[in-house]
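S.K.: Respectively, the protein sequence lines represent chains A and B. Per our numbering, residue 1 is the first one in the first sequence, and the count goes up by one each step. Per our numbering, residue 1001 is the first one in the second sequence, and the count goes up by one each step.
The hints are all genuine.
In silico lysine-lysine, BS3-like type, Cα no more than 27 Å apart, as pairs:
id	chain 1	residue 1	chain 2	residue 2
1	B	Lys1124	A	Lys86
2	B	Lys1122	A	Lys86
3	A	Lys287	A	Lys508
Sample of chain B residues facing chain A (criterion: CB under 10 Å; computed from the structure):
id	residue
4	Thr1217
5	Phe1219
6	Ile1220
7	Phe1222
8	Arg1224
9	Arg1226
10	Leu1228
11	Arg1229
12	Arg1230
13	Arg1236
14	His1237
15	Met1244
16	Ile1314
17	Asp1315
18	Arg1317
To give a feel for the contact side, a few chain B residues facing chain A, derived at Cβ under 8 Å:
id	residue
19	Asp1218
20	Arg1221
21	Ala1225
22	Gly1227
23	Arg1240
24	Asn1241
25	Pro1316
Read the hints as simulated data drawn from the structure, not as lab findings. Note that beta-carbon positions come from the ideal geometry of N, C-alpha and C, so glycine has one too.
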Amino acid sequence: MTVTGALFSNADGIMLHVPPITPPPPVLSVDGLRVELPGRAGPVFPVRGISFDIAAGETLGVVGESGAGKSMTGAAVLGLIDPGGKVSGEIRLNGERIDALPEAAMRDIRGKRIGAIFQDPMTALDPLFTIGDQLVETILTHQQIGLAQALGKAEELLASVGLPEPRQRLSSYPHQMSGGMRQRVVIAMALANDPDLVIADEPTTALDVSIQAQIIALLRKLSRERKTSVMLVTHDMGVIAEVADRVAVMYGGRIVEMGAVADVLRSPRHPYTRGLIESIPRLGQRKPRLYQIEGAMPSLDAMPAGCAFHPRCANAIERCLEPGPALELAGSSLAACWRADDPTLAQLKVDVPPGASQSRYIVEDTRPLVEVEAVSQHFSLAGSITGSWFQRLTGKPHSGVIKAVDTVSFAIARGETFALVGESGCGKSTLARAIVGLQRPTMGRVLFAGDDVAKAGAQRRFQMIFQDPYSSLNPRWRVADIIAEPIRTHGLDAGKGVRRRVDDLLAKVGLTGRDGDRYPHEFSGGQRQRISIARALAGEPEFIVCDEPTSALDVSVQAQILNLLKDLQFEFGLTLLFISHNLAVVRHMADRLAVMRNGRIVETGTADSIFTQPADPYTRQLFDAVPDIELALARADADHVIEIAAKP
Amino acid sequence: MAAFIVRRIGEGLATILVVALIAFALFRYVGDPVMSIAGPDATQSDRDELREQLGLNDAVPVQFIRFVAHAAQGDFGFSYRSARPVSGLLAERLPATIELVAVGATLSLLLGTGLGIVVALKRKSALARSILTVSLFGVCLPTFVNGIVLIYLFSVTLHWLPSFGRGEVVPVGGWTTGLATWSGLRSLIMPGITLALFQLAMLIRLVSSEMTDVMQTDFIRFCRARGLRRGSILFRHGLRNAMMPVVTVVGLNIGSVIAFSAITETVFQWPGMSLLFIDSVRFGDIPVMAAYLVLVATVFVLINLTVDILYFFIDPRLRLAPATAAAQGPANG
Chain A
1 MTVTGALFSN
11 ADGIMLHVPP
21 ITPPPPVLSV
31 DGLRVELPGR
41 AGPVFPVRGI
51 SFDIAAGETL
61 GVVGESGAGK
71 SMTGAAVLGL
81 IDPGGKVSGE
91 IRLNGERIDA
101 LPEAAMRDIR
111 GKRIGAIFQD
121 PMTALDPLFT
131 IGDQLVETIL
141 THQQIGLAQA
151 LGKAEELLAS
161 VGLPEPRQRL
171 SSYPHQMSGG
181 MRQRVVIAMA
191 LANDPDLVIA
201 DEPTTALDVS
211 IQAQIIALLR
221 KLSRERKTSV
231 MLVTHDMGVI
241 AEVADRVAVM
251 YGGRIVEMGA
261 VADVLRSPRH
271 PYTRGLIESI
281 PRLGQRKPRL
291 YQIEGAMPSL
301 DAMPAGCAFH
311 PRCANAIERC
321 LEPGPALELA
331 GSSLAACWRA
341 DDPTLAQLKV
351 DVPPGASQSR
361 YIVEDTRPLV
371 EVEAVSQHFS
381 LAGSITGSWF
391 QRLTGKPHSG
401 VIKAVDTVSF
411 AIARGETFAL
421 VGESGCGKST
431 LARAIVGLQR
441 PTMGRVLFAG
451 DDVAKAGAQR
461 RFQMIFQDPY
471 SSLNPRWRVA
481 DIIAEPIRTH
491 GLDAGKGVRR
501 RVDDLLAKVG
511 LTGRDGDRYP
521 HEFSGGQRQR
531 ISIARALAGE
541 PEFIVCDEPT
551 SALDVSVQAQ
561 ILNLLKDLQF
571 EFGLTLLFIS
581 HNLAVVRHMA
591 DRLAVMRNGR
601 IVETGTADSI
611 FTQPADPYTR
621 QLFDAVPDIE
631 LALARADADH
641 VIEIAAKP
Chain B
1001 MAAFIVRRIG
1011 EGLATILVVA
1021 LIAFALFRYV
1031 GDPVMSIAGP
1041 DATQSDRDEL
1051 REQLGLNDAV
1061 PVQFIRFVAH
1071 AAQGDFGFSY
1081 RSARPVSGLL
1091 AERLPATIEL
1101 VAVGATLSLL
1111 LGTGLGIVVA
1121 LKRKSALARS
1131 ILTVSLFGVC
1141 LPTFVNGIVL
1151 IYLFSVTLHW
1161 LPSFGRGEVV
1171 PVGGWTTGLA
1181 TWSGLRSLIM
1191 PGITLALFQL
1201 AMLIRLVSSE
1211 MTDVMQTDFI
1221 RFCRARGLRR
1231 GSILFRHGLR
1241 NAMMPVVTVV
1251 GLNIGSVIAF
1261 SAITETVFQW
1271 PGMSLLFIDS
1281 VRFGDIPVMA
1291 AYLVLVATVF
1301 VLINLTVDIL
1311 YFFIDPRLRL
1321 APATAAAQGP
1331 ANG
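Sequences and hints are given; from them, build the entire structure.
M.R.: Rendered as structure tokens:
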């Protein structure tokens, strides 16, 4: 593997691992990189002295949660730090310093020797120009060739990233393509001038699972075939396991652990890496609870002294407050922890709150709580010109009707967690809206405890938790007022009693009564989601619809929220409808689930049976597409064995 | 696209009809046209005859239809004041106004876009700040003050430019243009600038905020990551995207430019339609006022239609929309 040919050095420039044979020069060599940005109260340092190399043809995964400094590292290498920011340290491309180059020289490197792939393919392309225009522009900027030649090359590139009918695609505009296709175009542009290095910043995060798998496969294939080095920035350990050769784990602007993917993922040395990996829900097994790292990533203007992770670390000692520690060899990888080699470190324990049983809350009442009976939700394209004229002329809708939900039926038992799973556009959120009565279904009905949701005034008995904790709370209201609203609306309490209830609820979701006097923007994403949960609980509901409640959150925060939801479900005997595209999260949460596709349910049953023996081909396809750490590592082992066997 | 334009034309026609109704109501209900035409000394039988002649004894809807039918053929009757056909009067004045508005709008668009880009790119520089400050005067000071200050400076004090009128004009077909002679061009400078000033400040702010937003989008970042040249990023990708909302606002605003041209034409004694309108208001010359209203409404409608059609050329998402709009679901109309 390429790992043995790589050079590691710490912030002091001391060589830590000397390669056995003369190594190929690293394509990218970063030494002591720091990024300084102007902040409101003085400068902040999103990247605080990191060093790493990427060898020719190697893929280095840079993984971390939001605020770790990983995207900033990529931007610094590209020379794309916003004006006002300062970069120090050394960045070398094939041995040549590029960190202090003038803008014009850097421009020649960007797009030619370093290609970039961005997160969101929907916004990465200029909407006003064709794909061909933008590709040819990229080629002609860096190569002295004719237009016809450039067009030919553009077509070749589109073919190499697997776009069907590349010639026709040249004259397409971005909006005529799906997200997956656009990401292929973005990749083609990154590769347009045969770069030595590609920096891919969350290249699969905005995509659906099955598209994500295709893009991952494409990236892997291209880096192998073209021998391009890749710096893959992502928050997803699964993607790292699938694509990367080595991984650097970042926390608080530093690399806390770095090494071969299999080593780091199988036997992590840094407490943060260990906690992070443990807190990821897995497809292959269902644990009663997830390991959770308390707290959240420190904000840039409040970086703890010493090891940035020590306030959240269960194993912190006094020394952790001292400057450092540097990345040092621990086992087969590098870790920046004083206790990385300490065998006495406490094993990670999943704390079970006293009194909480690990089994499901048992409800005596066996009648279903929610019954969805042949619900359909159609949207006509009446807004469009042709649609409305057709409808006016013939008096009936034609093909311009979207069946967002098409004759769906299921029942949810009291006290269970039922999950709706599917890719974007499959109708799961539309169905959820119909279930809580936000939208009257076109056909069919939803019964809640036997009453029709559309008629009954039983709103209090079900509540909703939304995906985006940033937009689902009124920014002008104090948290206490947000949580008090359902209490007042439903007349559950009045006067001083309201605030008492609010304080209780805040305590239940892990906040304090004082937090009630603050405004939503003062909280992190995870804390806001706790507020949303408190608000949902305030109406004393029996049933809560959670629509992608953790997909906007970091992995360690996700574990906290999922554990909290399970605890509360047990405490209050709640019934949950859990909507998610994240299959591992569903595996962790759901008792039963339904898999949706194109508005229909393709498979429904208990989680145990579907996850172990999926019956529908689409379900199987979805499961196969999930980038799962265990499976990827197992596959890599198998590849390795084959490679060794193939050698003479 | 065709269906969309047909619908827009329909809406435009409806707008013009409503304005025509208002113009017609002026005739009917603002004073008695018979009194205005015949004068106070006419006998009752003269008046009755005139009333019959003008068709004022017919039912109101019939009168309105007749008004619209005549207007559609460019016939707005005779001016009370000069007894000449209104259409002839307006046609004489139309070129002056069109040239003034065109020069004013072009000046403000060019200056507004150019300065807007400067402000967007150098937001914190002294230059950007002074552009923003100075342009504020354009909004704060009324148009007539701007005009009078210009006249005082360049005509009264420096004697560089004529203080009023259109200068020498050259007839080209049925049109008279001041753009072909030196004195005509010199006469256009100050009224043009005065007219441009009032929307310049707004345009600078609009262009700079749009441009700032666009420069922060992902696709511009991706352009930079592809190593494109600065000029290409700024103008090919940045400006073209930033101009989308600007086109809308400018289209809507040309209407206000025409309205504001009334003040400019008065200050500079510019022999345009608006000056004619102001004069006819003073004399209660209702046929001219009515014709002016209908004409301005028509220009409004035409400009907005042009803007709508322009969109199709600027934004491919509209041009090729049907297939994807259908796929995107109910939110799109």
